[in-house]
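J.: Each chain, written out:
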Amino acid sequence: MTAAVPVVNRFPDSRAADREPYSIGLVAILTTVVMLFTAFTAALLIRRTGDDWARVALPGIVWANTLVILLSSAAIERARAAVRANASQRAAGWMSVGALFGLLFLAGQVIAWRSLAAHGVFLSSNPHAAFFYMLSGVHGAHVLGGLAALGWTLGRTRAGAYGPARHAGLTHAAVYWHTVGGVWLWLLAILSTL
Amino acid sequence: MSTSRRQTAEIVGLIALFLGLTAFTVVGFARDWMPPVASRHGVGVDGVIHYLFDATGPVLVLGALVLSWFLWRYGRGRAAGSPATNARAEFWWSIVPVIGMMAITEVGVVVKGLPVWHEIYAKPPADAVAVEVTGQQFEWIVRYPGPDSAFGRVAPEFVSKENPAGLDRNDPAARDDIVLRNQIHVPVGRAVNLRLRGRDVLHSFSVASFRVKQDVVPGILGRTLFVPTTPGRYEIACTQVCGMGHYRMHGAVYVESPEEYRTWLQHQTGWLQR
Amino acid sequence: MSATGDGGFWTRYVFSTDHKTIGKQYYFTAVVMALFAATWSMLLRLHLAWPQSQWPLLGKLFPGLYEGGVLLPERYLSLVTMHGSVMIFFVISLSLVSGFGNFIIPLQIGARDMAYPFLNMLSYWTIVPACLLMLGSFFAPDGAAASGWTAYPPLSALADATPGEGLGQTMWILAMALFIASFTMGGLNYITTVLNLRTRGMSLWRMPLTVWTLFIASIIGILAFPALTAAAIMLLLDRLGHTSFFLPTGLVMGGEVLPYHGGTPLLFQHLFWFLGHPEVYVLVLPAMGIAFDVVATHGRRPVFGYRTSVWALVVIAVLGMIVWGHHMFVSGMSPYVGEYFSVATVLITAPFSVLALNLVASLWRAELRLTPALLFVLGLMAAVAIGGLGGVFLATATSDQYLHNSYFVVGHFHLMIAVVTFFTIFAGTYHWYPKMFGRQMNQTLGKVHFWLTVPSVVIGFVAMHFLGMGGEQRHLYDPTAYEFLRPIQWLNVFISIVMFVAAAAQLVFLGNFFGSLRFGARADSNPWQGTTLEWTTTSPAPHLNWGAELPVVSRGPYEYRTNGVPSGYLPQHAPPLEVARATVSAS
Chain H
1 MTAAVPVVNR FPDSRAADRE PYSIGLVAIL TTVVMLFTAF TAALLIRRTG DDWARVALPG
61 IVWANTLVIL LSSAAIERAR AAVRANASQR AAGWMSVGAL FGLLFLAGQV IAWRSLAAHG
121 VFLSSNPHAA FFYMLSGVHG AHVLGGLAAL GWTLGRTRAG AYGPARHAGL THAAVYWHTV
181 GGVWLWLLAI LSTL
Chain L
1001 MSTSRRQTAE IVGLIALFLG LTAFTVVGFA RDWMPPVASR HGVGVDGVIH YLFDATGPVL
1061 VLGALVLSWF LWRYGRGRAA GSPATNARAE FWWSIVPVIG MMAITEVGVV VKGLPVWHEI
1121 YAKPPADAVA VEVTGQQFEW IVRYPGPDSA FGRVAPEFVS KENPAGLDRN DPAARDDIVL
1181 RNQIHVPVGR AVNLRLRGRD VLHSFSVASF RVKQDVVPGI LGRTLFVPTT PGRYEIACTQ
1241 VCGMGHYRMH GAVYVESPEE YRTWLQHQTG WLQR
Chain S
2001 MSATGDGGFW TRYVFSTDHK TIGKQYYFTA VVMALFAATW SMLLRLHLAW PQSQWPLLGK
2061 LFPGLYEGGV LLPERYLSLV TMHGSVMIFF VISLSLVSGF GNFIIPLQIG ARDMAYPFLN
2121 MLSYWTIVPA CLLMLGSFFA PDGAAASGWT AYPPLSALAD ATPGEGLGQT MWILAMALFI
2181 ASFTMGGLNY ITTVLNLRTR GMSLWRMPLT VWTLFIASII GILAFPALTA AAIMLLLDRL
2241 GHTSFFLPTG LVMGGEVLPY HGGTPLLFQH LFWFLGHPEV YVLVLPAMGI AFDVVATHGR
2301 RPVFGYRTSV WALVVIAVLG MIVWGHHMFV SGMSPYVGEY FSVATVLITA PFSVLALNLV
2361 ASLWRAELRL TPALLFVLGL MAAVAIGGLG GVFLATATSD QYLHNSYFVV GHFHLMIAVV
2421 TFFTIFAGTY HWYPKMFGRQ MNQTLGKVHF WLTVPSVVIG FVAMHFLGMG GEQRHLYDPT
2481 AYEFLRPIQW LNVFISIVMF VAAAAQLVFL GNFFGSLRFG ARADSNPWQG TTLEWTTTSP
2541 APHLNWGAEL PVVSRGPYEY RTNGVPSGYL PQHAPPLEVA RATVSAS
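Those protein sequences? They're chains H, L and S, same order as listed.
Going by the numbering used here, the residue at position 58 of the first sequence is 58; the numbering climbs one at a time, nothing skipped.
Going by the numbering used here, the residue at position 69 of the second sequence is 1069; the numbering climbs one at a time, nothing skipped.
Going by the numbering used here, the residue at position 33 of the third sequence is 2033; the numbering climbs one at a time, nothing skipped.
Calculated from the structure, these hints are not laboratory results.
C-beta: ideal position from N, C-alpha, C; glycine also.
Heads up, a few of these hints could be off.
Stretch-level coverage of chain S by chain H, calculated; a stretch enters the list once three of its residues show a Cβ under 8 Å from a Cβ in chain H [unchecked claim]:
hint : region
1    : 2026 to 2038
2    : 2180 to 2193
3    : 2231 to 2238
Let's have the full structure, built from the sequences with the hints guiding it.
T.: Encoded structure:
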């Protein structure tokens, strides 16, 4: 049925050749992420009008985690700078550091959960605690997704697939990673003040 | 049958179909399906519904006539004139319906609807009869404040078979509270200020004849207001799906003359005093 | 990913990344789910017409649903819930948006495939477990979810609230989560494909309206679905983690006070309808888009007001995002907020009138070819007119006070998101079947299908409005339980009978559909003399859609009966007239 079709580039004569097709997909993904956390924020603003709303003191480690995720983003930016300077191996190094910090962030979040639980604050103890567990959990899932993207681009970097002129995949992973980091700053801001 | 005659027959059939469906809709709507209205604001609600019918019905008929004309004129294999549209035709074809529909609908919402809407959610008058209705699977618990005109304290932990309203025995105001199941008695012509409580899932308190419908939301003290105008018995229905017994969660409002109501009320004793 | 499509059976038909195969997979999945959901609705109609009658045979066929030949009240609610959820998300969304969308977008914009073929395959294979979870939930210990397709808590959050709210409801939520994931992947793909993969010359203003509507529906989906995701996560935590997002203080169940505090059930309703209302447009807009394409091709004229239609779509999309509260007029929401939602909602009648009337005006000076595809679009016009005007009664807060949650609502939303969409699914099927399978469906059977379907479903759903005017509420297991509804019970009998006719008519369609796969007349590449790009390739279209050269576009999508051209229409890829004349004179 299809044997007569020659093997061709999927997009030889469309606009894709001179435009990066994945960037619009990235914008769409980021839109869903932002809308999801906007919905959660709206839910929190409504729920906090309940008379049982009381802020739980967040474990101190969340501030350390925040620093870690910021450093992670910085490392990814160093990696991008290295790729622009055509230094693939240095870039791979910085990417590893960034990913490692990402893992460290997740480990820190788990420690924060355990610390809260040790103080007798559980998911169902208090609405603020429920939001903290839920939002950090949903955020953590997005961080895991980001780590998968970083892992994949790390492999590509190692293989020398990126160069000064061609590193869209790395840029997209980085943009996603920074956005997810930014979402955490936002979540921490509302969870520690509202 | 030749092709063109067959196509003409099909077109005639289609026109008959669309005019028939329109006629079915318009004639059907024109029939008075609603149970006779028995509340003061209900007259206003019916007024809005009738206004919308009077305003949109002709639009529907006009649309069907235009569609039929297009089918008759252009459906029999004879193209007529250039189909190229021009900006002018598009503009008028859009702007007239836009203004028309906006006028019809916003008049319905604002001019016709808003005063009635305010009547439903108005501040209750001083002489209003206060009644509290609690929806629970699958019955309506009705409470009157009793001679002291004050609702006593209720709490979920006191709810039991013997104490369906969950009255607090330690609250003096609760002692004379009258509790009934699935029946409400009100005098004709006086406003009824209904407090709505829920304690398990969502329910919706509705009495079709009064054009009253208000969801019962656990955690929120709801309220609605109506003035019954005709004595009689009117069915209460739950209109928010609430579980397997949803269909049999009904009750009745008895609208009585002021004398009957007074007599009835005098024969009631507080739930905790029985 | 540079698969040529000549792999084995598995890569070609099962784990295919070809958009046409995936589109057909979605379509066939929707057909299977539709058979289930339609069967359920027939059981419901049978019970509603004769609520006291016994049906021993059905009791034998569906032992879990019937007892002593009578449908059980808790199973009635499960069937309603599953009918609604499956029809909206797993039949109409899957066939109209995912099925036709996947099949037609690359073909109409001149792309070889979707932008992310692998993601496309993944999105289909995410839907399959979602379907299985939905259907499998009937085998949960106390049955399938019974809280309606809107799944309002507390009913949907408390396992003991009613049978079906245990494992069944949990499976429902998980199935919905998978659906959202799949639909988001699809939307991502549509947006990227439309923006990036259009062939040379295919500017946005040259896209067929089908592509426009699917594109805008995808954007709405991307913006609105996350709210339902958030609601589903919180509902799941309330159910399994004993949080109190939606559960207030003082709930009493089975004589015991439940340990929940301070939540608010209305929060769920806001989040749900922030998605739920735009979802209506996710379904209705592509239906309108397909209707425009069909009416242009079979009416042999350019659509009336192409640009105003696109702008109307944009306005509908924007307004559609800010009017969700009109589903909550009597929910206990502030009456002032209700009034805002009412004023804003009826604004939508303006752009929607433009869209619908442009469709009607596309018959002006047309040259109608009465194919089944065109007939169903004509039927759609009737349904849009009645359904749209009926919606005004519900959008007006004051009249909604009486009509809310009545059969008026049931009749209205069936006209808008069941009849309008199904008529377009039929129209689209008759229209694109040749491109999908290389054969024609039987046109006479198609007309029989039309003449049986359109009168019965429109009459049936219009009659439901009358039931609602009479005060009959939805989700009602036994209407005769209410004295004031007994005088109009004959309407239920009437509606059930016309719906049985409507359902039987679909057997004609299914027979025609599957029979034509084998016995249909072979179709050439452009059987309808259409102008859009899908008609430039063979029927069925090959893998990667075109040979070595992609078509290049030099005009808008609907150039029919163009003056001076003998064949009467100019396909989008036909060279500009000056070039054509130059070529003729040179030779």
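J.: Confirm or reject each hint.
T.: Checked hints:
1. 2026 to 2038: This one is violated; 0 residues, fewer than the three required, reach chain H with a Cβ under 8 Å.
2. 2180 to 2193: holds (count 6)
3. 2231 to 2238: Since three or more residues must qualify, the claim that chain H covers the region 2231 to 2238 of chain S holds, with 4 doing so at under 8 Å.
Consistency with the previously given hints fails for number 1 only.
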